[in-house]
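Between the sequences and the hints, there should be enough to build the whole structure, so can you do that?
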Amino acid sequence: MSVNSIIVEAGDLLVAVPELNDINFRRSVVLLCIHDREGSLGLVINRPVDFDLGSILENLTDRENLHYGGPVRTDCLSYLHRHGDRVRKSLHVADDVYFSGAYEDVQSLIQSNESSSEDLRFFAGFAGWSEGQLEAEIHQGGWFVARGDGDLIFNSDPERLWGTVLRRMGGPYALLANFPEHPSVN
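Each residue of the sequence shown is one higher than the one before, counting from 0 in numbering that gives the first Met the number 0.
Certain hints may be false.
Claimed, not checked - Label-pair distances were calculated between CB atoms; the ranges are:
#	residue 1	residue 2	range
1	Gln110	Gly169	38 to 46 angstroms
2	Glu37	Ile5	14 to 22 angstroms
3	Glu117	Ser54	17 to 25 angstroms
4	Pro70	Glu158	19 to 27 angstroms
5	Arg166	Gly141	19 to 27 angstroms
Simulated from the structure, these hints should not be mistaken for laboratory data.
Ideal Cβ placement from N, Cα and C applies to all residues, glycine included.
As structure tokens, then:
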């Protein structure tokens, strides 16, 4: 498939090419949450942050639950969840994965112990692209595009997710999964 023929949509995973050295996106996997005529918004899903969310969010103590979502608005929290209609105003992204929504509903699920890191993840910041910018970056070879699914997003080891997605893509992408992080050292 030619890069020119790739159709990008919400729910896709953007996988950084091995040569991408931007500190914000090096070996990152970004879940595209919004993609429309006005631009795109995604969350880096493979960068957990060691921070006690319980210090700022009541009834939450899972230290592995906060992730770096991207370089835009790092003072802003958003979340992905698998609670569907139980969280009003959330946006369906892929399979059983939803983006944000009414925080009161999320807080209620947390308080009643009906939510965990297996179905709710918080992100500080996000990745954003203006109209046409993401397509240009893909066309220039900055990103591979893969289809996202809930199990991959929530049940994969974030530290290994970049390689896992490439291996699932198969063919020449699978070979890149073993590309050394610092090739000049080898």
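Discussion item. When the structure is checked against the list of hints, which entries are broken? Sort them ascending.
Written reply: No hint contradicted; all consistent.
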